[in-house]
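Trainee: Mapped onto the working numbering, the consecutive letters of the sequence shown carry residue numbers 11 to 426.
I should point out that these hints are in silico values taken from the structure, not numbers from a laboratory.
Some hints could be false.
[Said to hold, decoys possible] Distance windows between CB atoms, simulated:
{"id": "1", "residue 1": "Arg373", "residue 2": "Arg143", "range": "22 to 32 Å"}
{"id": "2", "residue 1": "Val299", "residue 2": "Trp178", "range": "17 to 27 Å"}
{"id": "3", "residue 1": "Lys283", "residue 2": "Gly144", "range": "34 to 44 Å"}
{"id": "4", "residue 1": "Lys207", "residue 2": "Ala17", "range": "42 to 52 Å"}
{"id": "5", "residue 1": "Gly54", "residue 2": "Leu279", "range": "38 to 48 Å"}
{"id": "6", "residue 1": "Asp114", "residue 2": "Arg373", "range": "32 to 42 Å"}
{"id": "7", "residue 1": "Lys207", "residue 2": "Phe19", "range": "36 to 46 Å"}
{"id": "8", "residue 1": "Gly54", "residue 2": "Lys283", "range": "51 to 61 Å"}
{"id": "9", "residue 1": "Asp114", "residue 2": "Arg288", "range": "21 to 31 Å"}
{"id": "10", "residue 1": "His281", "residue 2": "Ala102", "range": "39 to 49 Å"}
{"id": "11", "residue 1": "Val193", "residue 2": "Ile106", "range": "13 to 23 Å"}
{"id": "12", "residue 1": "Thr53", "residue 2": "His84", "range": "23 to 33 Å"}
No experiment lies behind these values; they were computed from the predicted model shown.
Beta carbons: idealized from backbone N, C-alpha and C, even for Gly.
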Amino acid sequence: MPSPYRAIFATPGALGFSAAGLVGRMPLSMMGIGIMTMISELTGRYGLAGTLTATLALSAAVLGPQISRLVDRHGQRKVLRPATLVTMAAVAGLLICAQQGAPDWTLFVFTAAAGCVPSIGAMTRARWASLLRGSPRELHTAYSVESVIDEVCFIFGPIVSIGLSTLWFPEAGPLLAAAFLLVGVWWLTAQGATEPKPHPAEEHTSASALRSPGLQVLVAAFVATGAIFGAVDVVTVAFAEESGHKAAASWVLAVYALGSCLAGAVFGLLHLKGEPARRWVLGVCTMAVSMIPLQLAGSLPFLAVALFVAGLAIAPTMVTTMALVEAHVPRSKLTEGMSWTSTGLAVGVALGSSAAGWVVDARGAAAGYAVPGVAGAFAALVAFLGYRRLRRPVPTREGQREQRDQDPEEREQPVA
C-alpha cells in the first residue's frame with residue numbers, strides 16, 4: 011500500500027469504520043438498480059421501474075439531510091439504528107408487494123418509506139474529519155479513500171444486484187442490499203471510539219447548512235451529476251437488453267466505476283496546490299464532455315470503453331467536493347452538509363433515471379443517452395456560474411477559532 015494510505019490507516023479505529031462503511035454503502039449502488047431490475051423482470055415496464063427508482067432517490071433526498079442533522083445533534087448510534095430498522099421494514103413491504111403483483115401505488119408507498127436509509131458515506135467522512143482535523147494532506151488522502159470505496163461499491167454492487175435478480179429471482183438484488191445495510195450500520199455504530207461527539211446545543215441553530223451559498227452551488231451541480239449517473243444506469247441496462255445480453259449491463263457499469271476507482275486511488279497520492287474551486291469546475295466540465303461519446307455507442311464493447319474514460323473524472327471531482335463542503339459549512343453542521351451533496355446526487359438520480367426510463371420506452375435505448383448528455387451540459391453551466399461563490403468560503407466563529415490554533419504554514423496548504 012502506498013505510504014499516504016498506510017499512514018492514515020495507522021490511525022486507531024480507521025480500518026474498522028472504513029470496512030463497516032464499505033459494507034453499509036453497498037446498497038448505494040445495489041438498491042436502486044435492484045428495484046429497477048426487479049420491476050423490469052416482473053412487469054417489463056421500464057417507465058414504472060425508472061419512476062420507482064426516482065421515488066427512492068427523492069425520498070432519500072428529503073429524509074437524508076434530516077437524519078444527518080439529528081446525527082450532528084445526538085450522535086450516530088442513537089439515530090442510525092432506528093432509521094435503518096424503518097428502511098428494512100419498508101424494503102420488506104416493497105418486495106412482498108412486487109412479488110404478489112399488488113397495485114402500483116403500494117410499490118410507491120413502500121419505496122418512499124425506504125428512503126429513510128442513512129447516508130453512510132457522510133458518516134464515515136465525518137469520522138475522518140474528526141480524527142484528522144488540522145491535517146489537510148492526510149484528510150485529502152482519506153477523502154480519496156472514501157471515493158475509492160464508493161466506486162468499489164459501484165463496481166461490485168450492480169454486478170451482484172443485477173446478476174442475482176436476473177439469474178436467481180427478481181427480488182434477490184434488493185433483498186441482499188437491505189442485508190448489507192443492516193450489517194454495515196450495526197457494525198459502524200458499534201465502534202464508539204471513532205464516532206464524532208455531538209456538538210453542544212448552543213452550537214446548533216434552526217438554520218440549515220444549505221443556507222451556505224457555496225454549498226448551494228455544489229448541491230445544484232450534484233443534481234445534474236446525479237442525473238448523469240441515474241440515466242446511465244437505466245439506459246445501459248436497456249441497451250444491453252436490446253443487444254440480447256441484459257446481464258452484461260452489470261459488467262459495463264462496473265467498468266464505469268472502475269475508471270473512477272483508479273482515478274481516485276491515484277488522486278489520493280497527490281499533494282495538489284492551487285485553488286480547489288478551479289479544480290472542481292474543471293472536473294465537472296470534464297464529466298460533461300465525457301458524455302459525448304456515449305451518443306455514438308453502437309455496441310457493448312464500445313460503450314464499455316467510453317464509460318471507462320468517462321469514469322476517470324468522477325472520483326477526483328467528488329474528493330474536491332468534500333474539501334469544498336468543509337470550507338463552506340460550519341463544523342457543527344458538517345455531517346448535514348455532506349449529506350446535502352448526497353441529496354443533490356439522489357435528486358439527480360431520480361430525475362435522470364425517470365427521464366431516461368421514459369425516453370427508452372418511447373424512443374429506444376440509443377436515444378436514452380441524450381439524457382446524461384443534457385445533464386452534463388447543465389452541470390458545467392452551474393459550475394461556471396457558481397465559481398465565484400466557491401472561491402469565497404464564508405468564515406464562521408468556530409472556523410476562525412480553529413485557524414488561530416493552527417500553524418500559519420499549515421493553514422496555507424489546500425485541503426485538496
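Trainee: The structure should be examined with respect to each hint, and the outcome stated for every one.
Mentor: Quick rundown of the hints versus the structure:
no.: 1; hint: Arg373 with Arg143: 22 to 32 Å; verdict: violated, 51 Å
no.: 2; hint: Val299 with Trp178: 17 to 27 Å; verdict: violated, 39 Å
no.: 3; hint: Lys283 with Gly144: 34 to 44 Å; verdict: violated, 18 Å
no.: 4; hint: Lys207 with Ala17: 42 to 52 Å; verdict: violated, 24 Å
no.: 5; hint: Gly54 with Leu279: 38 to 48 Å; verdict: holds, 47 Å
no.: 6; hint: Asp114 with Arg373: 32 to 42 Å; verdict: violated, 23 Å
no.: 7; hint: Lys207 with Phe19: 36 to 46 Å; verdict: violated, 22 Å
no.: 8; hint: Gly54 with Lys283: 51 to 61 Å; verdict: holds, 53 Å
no.: 9; hint: Asp114 with Arg288: 21 to 31 Å; verdict: violated, 47 Å
no.: 10; hint: His281 with Ala102: 39 to 49 Å; verdict: holds, 47 Å
no.: 11; hint: Val193 with Ile106: 13 to 23 Å; verdict: holds, 22 Å
no.: 12; hint: Thr53 with His84: 23 to 33 Å; verdict: violated, 41 Å
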